[in-house]
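Colleague: Next come the chains, spelled out residue by residue.
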Amino acid sequence: MKCEKCRERAANVFITRVVEGQSFKEKLCEPCAREGALAEAWLLGTPVPEDAARMPLDKLLLELFAQSQEAQEAAANNSGALGADSDDDKWSLQKLAELDSQIELGRADPDGFAESFEFSSDEDEADEEDEVDSEDEIEFDVSPEEMEAALEEMEPHEREAVSQMLEALDEVQQHLEDIMVQRAHELEDSPLGDAADSAAGDETLGDIVSAVEADPFADDIASHDPFADDAGRGDEATPSWKSTPTGRCAKCHTTWDRMREDGRAGCPACYEIFAEPLAETLERMQSASQHAGKAPRAAARRQRRLEHLRARRDSRLALLRERLEAALKADQFEEASKLRDKIRIVESTIVDPEAP
Amino acid sequence: MHPPLLLSAFDRAARWMKRGGRENDIVLSSRVRLARNLRRYPFPHKASPAELASVRHRAFAALRATAEAPGGMAAAQFLLFEDFSQWERQSLIDRHLSSREHVQDELGRGLAATPDAALCVQANEEDHLRLQSLLPGLQLDAAFALVDKLDDVLEGYFDGRAAFAYSDRFGYLTACPTNAGTGLRASVMLHLPGLEVAGRMDRARRWAEGRGLLLRGTFGEGSKVWGHLHQLSNAASMGVGETDVLVDVEKAARELCDMERAARVGLPEKQAIEARDRIGRAFGTLRYARRAGCREATDCLSLLRLGHEMNWAKGLTRQRFNELMVWIRPAYLQVLHGRALSSDERDILRADLLRPHLNRMRLDPAFFDAPGPENGASDKPATT
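Chains as they are written, first to last, in my numbering: chain A, 1 to 356; chain B, 357 to 740.
Hints in this document: simulated from the structure, not taken from any laboratory.
There's no promise every hint is true.
As the list claims (entries may be wrong) - Only pairs whose alpha carbons sit at most 20 Å apart, straight line, appear in this in silico EDC-like list of lysine to aspartate or glutamate:
(1) Lys670/B <-> Asp600/B
(2) Lys402/B <-> Asp257/A
(3) Lys2/A <-> Asp58/A
(4) Lys2/A <-> Asp170/A
(5) Lys25/A <-> Glu4/A
(6) Lys402/B <-> Glu261/A
(7) Lys402/B <-> Asp262/A
(8) Lys329/A <-> Glu307/A
(9) Lys338/A <-> Asp314/A
Claimed, not checked - Across the chosen pairs, the derived CB separations fall in these ranges:
(10) Arg321/A <-> Pro471/B: 54 to 62 Å
(11) Gly597/B <-> Glu322/A: 45 to 53 Å
(12) Asp600/B <-> Ser348/A: 47 to 55 Å
Even for Gly, the Cβ is constructed at its ideal location relative to N, Cα and C.
Here chain A stands alone, though its shape is the one from the complex (with noise of 0.2 Å):
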């Protein structure tokens, strides 16, 4: 679950306000919640304690709260004189005087929720739809209003086909934010403990956006074999070492500098990703950087028995149309038959590259 005002964070800290006696309920992290908390009591005009910063949190929640119901009352006796100059402020003011001092903090007990979830969902939907700016979930070029004209302009097909494709995002979306969660909780339920509670603290969403986005390409990377496709092997097909975003063998993760160190590659890759520091190098150790020695021999040899395949097969082929040709002109339809049915075979053979 995370958190309800940044999205990003795991939210950790829980708080229900008793609101005549409508309880709504706050899913937050903890340094949005102190942000919160701090932010409503500079509107206030509440003393905050010099040491806020360093107070454990639901402390200074608690004390924030209770000291802003004296605030409250102070401002009620001389209402008009905090002077609400925007909406916001105002916003912050009606629910701050409206607030019946009840507070409530939970800290990490999602179970307690579900049900108000439910409850409070109409104003969480509010919420979002005022916060939707801030967020860098999405971004549309075009405003929501800009959105509604275009969508009004369609015809009632295409309206569904774009409604039907944003749902289809929203799931996108979804289904990333639920790996998210799950990477969050595995987070926090490694028993590393409170190391690893600070640690999931630290770890902004973007990064876990990175890591979930950088598995599938890395795995992406790993299964590009270099070597395999050799038709396509020429000088413009090898990756030049500077151009791998990070310097590293693709498949062994090997960096330059490493092999130097070590003098070592790390798998047959290296050399091709590596290959002009490496043809450098070995230009200035061996004075060479050019093979000149045996060849595999294997591989010429069945290239060669395979041409030669493809060729006998080419020959006989040719033979078979003039053939088929001649039989034709002499009119000779049962041998022109049998020819045809020869050609139909020896066209369906297959010269398999494999084959011994």
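Position chain B against the provided structure of chain A, taking the given hints into account.
Modeller: Coordinates of chain B only, in the frame set by chain A:
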């Protein structure tokens, strides 16, 4: 655990210890090694245990499948290093079948070798496969022909399965880029006591370096010299063909042999007392000692071999010298006795092993033609 490895799996005298090859008074053995890697696996130092085991399995399967093919490795012994103790594996180094790096880790390492040790394949040494052939005397051409054929056979097997790592630009790809290219190392074991006694070893080493060759210790890279045995090998593997390398090394080996012979001819006169003193002491030590350290025994044997070549000492063959040189190695001694031995025990057993052979040895009258003080006045002790 196997019964004592070397006694059961391998011939008592390896092929390289026996007679054969050219220049075999000085050249003990010729070794040609080809480094090959499977393209789909990371190099052994980066590979996981599972990958190492897989590479070894593939290599052994390939060798078994091609054993009957012309050039294949027939009647090979397959050794998984996990089955053997540390000192058993070390005895493979003494037989020049393996290297220090290879036997250090047992996991996923292995060795396939013919019983006479003329042809062997090291699995997961520095590279996935190292094909090596070891023949007596100077016959790099024959040794190369052996590994070359085995390489062709293996390549034919691996082609289409997990082909060898090869690129048109860098040739055969190896873990250490200095081996990339041909992956070939041709080396020759030279017995050079004459040059050492005459104090000309440094000059010889510089001379070899000037020709782009390396003159190194007995067990290859970074090892010490034992019993005046030096390894001459090629340095470059990139930009030169296999034949050129073999010809270069062979030519240099011949020239070094000539230098050594020249030094030996000069010994009885120029270093009359020094040479007789050293050889006589070596004889006395091995003949009567009850405890002999490995280094001491090796050096003494080497000097006696020199005496044998100069016709000063008789009674032992070259093959016997070669065998003794290996048998007295610490790890080999333990394998011979089938148990771990303390260093003191080893020294006693080593002396016991050598004494009967030395009993058969006689010093030639020429050795006793000791120059008088008037003759030996010009003799200057060599600085070695």
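Colleague: List, from low to high, the hint numbers that the structure doesn't satisfy.
Modeller: 1 and 8
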